[in-house]
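Chemist: All chains should be modelled from the sequences, with the hints used to inform the complete structure.
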Amino acid sequence: SQQGEEDPQALSIQEGENATMNCSYKTSINNLQWYRQNSGRGLVHLILIRSNEREKHSGRLRVTLDTSKKSSSLLITASRAADTASYFCATATDSWGKLQFGAGTQVVVTP
Amino acid sequence: ETGVTQTPRHLVMGMTNKKSLKCEQHLGHNAMYWYKQSAKKPLELMFVYNFKEQTENNSVPSRFSPECPNSSHLFLHLHTLQPEDSALYLCASSQDLPASGSTDTQYFGPGTRLTVL
Numbered sequence: 067s068q069q070g071e072e073d074p075q076a077l078s079i080q081e082g083e084n085a086t087m088n089c090s091y092k093t094s095i096n097n098l099q100w101y102r103q104n105s106g107r108g109l110v111h112l113i114l115i116r117s118n119e120r121e122k123h124s125g126r127l128r129v130t131l132d133t134s135k136k137s138s139s140l141l142i143t144a145s146r147a148a149d150t151a152s153y154f155c156a157t158a159t160d161s162w163g164k165l166q167f168g169a170g171t172q173v174v175v176t177p
Numbered sequence: 015e016t017g018v019t020q021t022p023r024h025l026v027m028g029m030t031n032k033k034s035l036k037c038e039q040h041l042g043h044n045a046m047y048w049y050k051q052s053a054k055k056p057l058e059l060m061f062v063y064n065f066k067e068q069t070e071n072n073s074v075p076s077r078f079s080p081e082c083p084n085s086s087h088l089f090l091h092l093h094t095l096q097p098e099d100s101a102l103y104l105c106a107s108s109q110d111l112p113a114s115g116s117t118d119t120q121y122f123g124p125g126t127r128l129t130v131l
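One line per chain: the protein sequences are Z and V, in this order. Numbers 67 to 177, taken from the working numbering, label the letters of the first sequence in order. Numbers 15 to 131, taken from the working numbering, label the letters of the second sequence in order.
Everything hinted at is true.
Quick look at which bits of chain Z chain V covers, simulated, 3 or more residues with Cβ under 8 Å:
no. : stretch
1   : 94-106
2   : 109-115
3   : 165-173
These are calculated hints, taken from the structure and not from any lab test. Nothing here was measured: the structure is a model prediction, and the numbers come from that model. Glycine residues also receive a C-beta, built at the ideal position from the N, C-alpha and C atoms.
Modeler: Below, the structure written as structure tokens:
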């Protein structure tokens with residue numbers, strides 16, 4: 067079964083607005099990572115949050131982690147057209163930390 | 015530019031062909047991965063290599079055959095594929111194979127878009 071599931075599946079916003087997407091997972095993790103993928107390209111790592119952390123920032127990105135609810139959120143503030151991409155959460159769960167990816171949230175930012 | 019390159023970027027092959035995908039990482043990493051990405055589905059981990067040794071084969075059909083001659087290069091040999099094998103094949107690397115409580119960031123190549131006719 068799928069470990070991480072992103073919500074919503076797709077999101078369409080205008081430049082300058084904030085974009086929020088969520089990730090829920092089933093089993094306990096040692097860390098959760100967010101990746102971004104432009105159409106037809108490879109994934110690019112955005113941010114990693116460890117299980118003992120609750121919030122992390124990187125530029126216009128803010129990630130939260132709630133281990134009691136087994137969920138994480140990714141917030142992109144003041145979005146730009148260049149933020150148009152698919153965003154994936156990936157969780158590391160077992161003793162050697164194999165990453166499991168969700169199906170992604172497709173974000174479209176229109177000028 | 016993530017330091018991981020893949021060739022070819024696009025490949026169209028018939029079901030009876032034999033072809034190979036190549037991945038090279040310039041990051042000095044020890045672990046390398048093959049993933050399959052199909053439309054609307056999560057990434058599927060196929061193979062994991064650590065210091066040239068295969069540590070994971072995620073129930074992948076034998077028509078996919080990986081090869082890791084050294085820590086910098088990873089190949090995926092393809093033969094007698096099916097149309098449902100059409101997908102984006104992504105290679106990734108990480109500094110080390112994840113250990114308990116520690117999972118490294120993975121660096122991905124741009125992928126090979128494979129179409130099987």
